[in-house]
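Number of protein chains: 2
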Amino acid sequence: MAKQNRPEQQQSQAPDALNCEVRLVDLNIVRKVQPEILPMPEAQRMAEFFGVLADPNRLRLLSALANQELCVCDLAAGLKMGDSAVSHQLRILRAMRLVKYRKEGRNVYYSLADGHVINLYREVVDHLQETGSSSMGVE
Amino acid sequence: MAKQNRPEQQQSQAPDALNCEVRLVDLNIVRKVQPEILPMPEAQRMAEFFGVLADPNRLRLLSALANQELCVCDLAAGLKMGDSAVSHQLRILRAMRLVKYRKEGRNVYYSLADGHVINLYREVVDHLQETGSSSMGVE
DNA sequence: TCTATATCTGAACAGATATTCAGATATTTA
DNA sequence: TAAATATCTGAATATCTGTTCAGATATAGA
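So the protein lines, in turn, are chains A and B. No gaps in the numbering here: position 59 of the first sequence is 59 in the working numbering, and each next residue is one more. No gaps in the numbering here: position 57 of the second sequence is 57 in the working numbering, and each next residue is one more.
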């Protein structure tokens with residue numbers, strides 16, 4: 001951790017800094033890098049968002065809604081999931097505003113909220129196709 | 001679950017289907033939706049990818065690497081994390097091919113693997129800015 | 001009103017995940 | 001060679017997450 005290797009320019013500047021618990025070279029780099037680092041609150045918000053997409057069943061729900069609105073029980077039937085599980089997942093998607101819904105009688109029809117999800121989807125498909133090993137059957 | 005409400009066109013087609021455990025209307029919709037649903041293996045792969053981005057410290061690591069390559073101990077110092085934690089997280093980013101690395105002496109310098117991450121980043125920032133409640137200080 | 005249906009909700013459990021700790025490996029320097 | 005440093009790794013622990021289950025709410029139809 002002491003980072004005494006990697007000789008850099010300003011070691012002559014403050015000789016006593018070498019005895020300090022904070023090392024000189026670290027400080028220079030850290031000072032440069034720190035402001036570029038995503039602050040923790042925003043990082044958490046972003047992580048929370050990605051976390052919503054980090055579940056195969058939620059992704060499948062989104063893909064089912066990509067072309068038409070569907071109610072909970074159709075989604076459950078189509079994905080072969082329990083109604084309750086679908087409802088729980090839809091709530092998470094709703095909280096992140098990835099889907100919107102509309103009530104009609106006792107049915108609730110869900111649909112995608114905007115195009116961001118699709119864009120994300122394609123970007124990830126690109127990445128996985130280029131780097132990954134499997135194929136992703138997406139046009 | 002029986003979906004006897006929502007009267008649809010083809011109920012006259014097969015009257016005995018009403019006694020079947022699989023309901024008619026469900027079947028029609030499910031048959032239409034099924035092929036559009038992301039298959040489970042690909043959904044899992046994609047979810048795994050998003051899961052890698054679903055951690056605030058990994059996002060912070062990526063943001064630190066967005067402008068320059070950095071070694072493990074500088075990342076640890078900059079993010080105020082333990083060396084071991086950083087190393088563990090970098091391994092995950094490496095496995096998903098989001099970062100690449102280069103050894104130099106006893107240091108290992110990491111950098112972003114390609115531009116997909118940045119694109120994803122911006123897309124999410126857009127989404128969060130439009131729908132979310134907080135501001136994300138990204139240009 | 002009563003029944004069936006669609007959806008939602010909270011609790012509980014199993015499985016996944018991030019960090020810490022201790023220690024291993026590799027490289028540089030004395 | 002020995003000591004110091006940078007990085008990595010596996011085990012252990014605490015936390016988070018997804019599903020199921022039981023039951024609540026709401027709406028449509030008899």
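Treat the hints as calculated values from the structure; they're not laboratory data. Certain hints may be false.
Put simply, identical chains are the same to the list, so a pair is met inside one copy or across any two.
To be verified - Under the rule of at most 30 Å between Cα atoms (straight-line distance), these lysine-lysine pairs were calculated in the BS3-like manner:
no.	residue 1	residue 2
1	100	80
2	103	80
3	32	80
4	100	32
Going through the hints against the structure:
Within a single copy, residue 100 and residue 80 get their C-alpha atoms as close as 22 Å, which meets the 30 Å cut-off; across copies the closest is 39 Å, which misses it. Taking CA atoms no more than 30 Å apart as the test, residue 103 paired with residue 80 passes inside one copy only; the shortest distance there is 22 Å, against 48 Å between copies. Within a single copy, residue 32 and residue 80 get their C-alpha atoms only as close as 51 Å, which misses the 30 Å cut-off; across copies the closest is 14 Å, which meets it. For the homomeric pair residue 100 and residue 32, the shortest alpha-carbon distance between copies (21 Å) is at most 30 Å, but the shortest distance inside one copy (42 Å) is not.
The structure shown violates none of the earlier numbered hints.
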